[in-house]
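Residue numbering for the sequence shown follows numbering that gives the first Met the number 0, starting at 0 and increasing by one per position.
No lab work stands behind these hints, which were simulated from the structure alone. The reader is advised that the hints may include incorrect statements.
Stated by the list, open to error - When the alpha-carbon atoms are kept at most 20 angstroms apart in a straight line, the in silico SDA-like pairs for lysine to any residue are as follows:
| # | residue 1 | residue 2 |
| --- | --- | --- |
| 1 | Lys66 | Thr200 |
| 2 | Lys161 | Ala55 |
| 3 | Lys92 | Lys156 |
| 4 | Lys161 | Leu104 |
| 5 | Lys90 | Glu215 |
| 6 | Lys128 | His150 |
| 7 | Lys117 | Arg145 |
| 8 | Lys114 | Glu202 |
| 9 | Lys156 | Gly125 |
| 10 | Lys92 | Ile270 |
| 11 | Lys92 | Ala55 |
| 12 | Lys156 | Ser169 |
| 13 | Lys57 | Pro162 |
| 14 | Lys203 | Lys149 |
| 15 | Lys41 | Thr274 |
| 16 | Lys90 | Lys161 |
| 17 | Lys85 | Met208 |
| 18 | Lys41 | Lys203 |
| 19 | Lys51 | Phe165 |
Said to hold, decoys possible - Distance windows between CB atoms, simulated:
| # | residue 1 | residue 2 | range |
| --- | --- | --- | --- |
| 20 | Ala225 | Ser118 | 31 to 37 angstroms |
| 21 | Glu215 | Ala124 | 25 to 31 angstroms |
| 22 | Ser64 | Thr280 | 51 to 57 angstroms |
| 23 | Ala124 | Thr274 | 52 to 58 angstroms |
| 24 | Val297 | Thr274 | 24 to 30 angstroms |
| 25 | Ala107 | Asp32 | 54 to 60 angstroms |
| 26 | Lys287 | Arg160 | 50 to 56 angstroms |
| 27 | Glu288 | Lys48 | 35 to 41 angstroms |
| 28 | Ala55 | Lys199 | 17 to 23 angstroms |
C-beta atoms are modelled at their ideal positions from N, C-alpha and C, and glycine is treated no differently.
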Amino acid sequence: MYYYFLDVSAFTVWLTQFSISSGQVRNMATLKDITIRLKSIKNIQKITKSMKMVAAAKYSRAERSLKPARVYGTGALALYEKADIKVPEDKNKHLIIGVSSDRGLCGAIHSNVAKAMKSEINKLAGVGKDVMVVSIGDKLRGLLYRSHGKHLLLNCKEVGRKPPTFADASIIASELMNSGYEFDQGTIFYNRFRSVISYKTDEKPLYSMETVANSENMGVYDDIDADVLRNYQEFSLVNIIYYGLKESTTSEQSARMTAMDSASKNASEMIDKLTLTFNRTRQAVITKELIEIISGYVLAITAVLLFLYKCCIYQILSSSHFRLFY
């Protein structure tokens, strides 16, 4: 009988320890998950803060170089505006140039240009125009390829990694002129910089040398021959592309700076919430462990008292039986 009760008390203590250890493993797993999430979010916050600082430095340089580039753009477009060039109705070839970059994490910079280009392509294709597209930037090509891949003529990569130069615009214009596509009219889409937190998707017209030469209002410039006009058209095309690259780069850096600032703030909010959840969970784990320890202690004391009580009863019964036997 003594050994029986001793086994029961040992089993009770073992059961209490098992329940405590099981609760610890389960709750510690939850705390470990929260710790891993906190660590990953803090690492992401470091990246977003670094990208914000880099974008701020690039934005400052891009904004300073934007002012002279705007002079090139407005000067190139001045002839088109003053001459009031109009394309004849029988001209069907239309070129669309979209200015973007290869880099992301800058909000809706690329999708806004793609959306405007898709709308223009659908409108022109709906009236029977022959539309071809030049995408400057791999992000823009990815947005256009699935739905309007048949209209893609050229794709210019490695854009946005370094500040755009006039030489970059010259290479793009040279590739376009050597592509063999003789367009009558064109449109360039880009993001026009307005302020640090604001930009607007804008468009500017493009015309071929034949369209400009056959314009009625070009007759006032009597001393312009074909070679001068051709050189001007090539130089004007490069200027407009360069202007679009500069505007888009400045808008992209400002948008990336704003996006990374918002991402850093969101990461801070998530860190605060997870820290609060971690502290609450840890407090609940400690409270639960204390309750289980106290409960196990009470259960152990109860088992010991029960064991002592039954030992006493056994001794009393044994002694009474001994006296009655004799």
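Hint by hint, here is what the structure shows:
| no. | hint | result |
| --- | --- | --- |
| 1 | Lys66 <-> Thr200 | holds (18 angstroms) |
| 2 | Lys161 <-> Ala55 | holds (15 angstroms) |
| 3 | Lys92 <-> Lys156 | violated (25 angstroms) |
| 4 | Lys161 <-> Leu104 | holds (16 angstroms) |
| 5 | Lys90 <-> Glu215 | holds (16 angstroms) |
| 6 | Lys128 <-> His150 | holds (11 angstroms) |
| 7 | Lys117 <-> Arg145 | holds (11 angstroms) |
| 8 | Lys114 <-> Glu202 | holds (13 angstroms) |
| 9 | Lys156 <-> Gly125 | violated (29 angstroms) |
| 10 | Lys92 <-> Ile270 | violated (55 angstroms) |
| 11 | Lys92 <-> Ala55 | violated (41 angstroms) |
| 12 | Lys156 <-> Ser169 | holds (14 angstroms) |
| 13 | Lys57 <-> Pro162 | holds (8 angstroms) |
| 14 | Lys203 <-> Lys149 | violated (23 angstroms) |
| 15 | Lys41 <-> Thr274 | holds (11 angstroms) |
| 16 | Lys90 <-> Lys161 | violated (38 angstroms) |
| 17 | Lys85 <-> Met208 | holds (13 angstroms) |
| 18 | Lys41 <-> Lys203 | violated (44 angstroms) |
| 19 | Lys51 <-> Phe165 | violated (27 angstroms) |
| 20 | Ala225 <-> Ser118: 31 to 37 angstroms | holds (36 angstroms) |
| 21 | Glu215 <-> Ala124: 25 to 31 angstroms | holds (28 angstroms) |
| 22 | Ser64 <-> Thr280: 51 to 57 angstroms | holds (52 angstroms) |
| 23 | Ala124 <-> Thr274: 52 to 58 angstroms | holds (54 angstroms) |
| 24 | Val297 <-> Thr274: 24 to 30 angstroms | violated (35 angstroms) |
| 25 | Ala107 <-> Asp32: 54 to 60 angstroms | violated (33 angstroms) |
| 26 | Lys287 <-> Arg160: 50 to 56 angstroms | holds (54 angstroms) |
| 27 | Glu288 <-> Lys48: 35 to 41 angstroms | holds (38 angstroms) |
| 28 | Ala55 <-> Lys199: 17 to 23 angstroms | holds (21 angstroms) |
Hint compliance for this structure: hints 3, 9, 10, 11, 14, 16, 18, 19, 24 and 25 are broken, all remaining hints hold.
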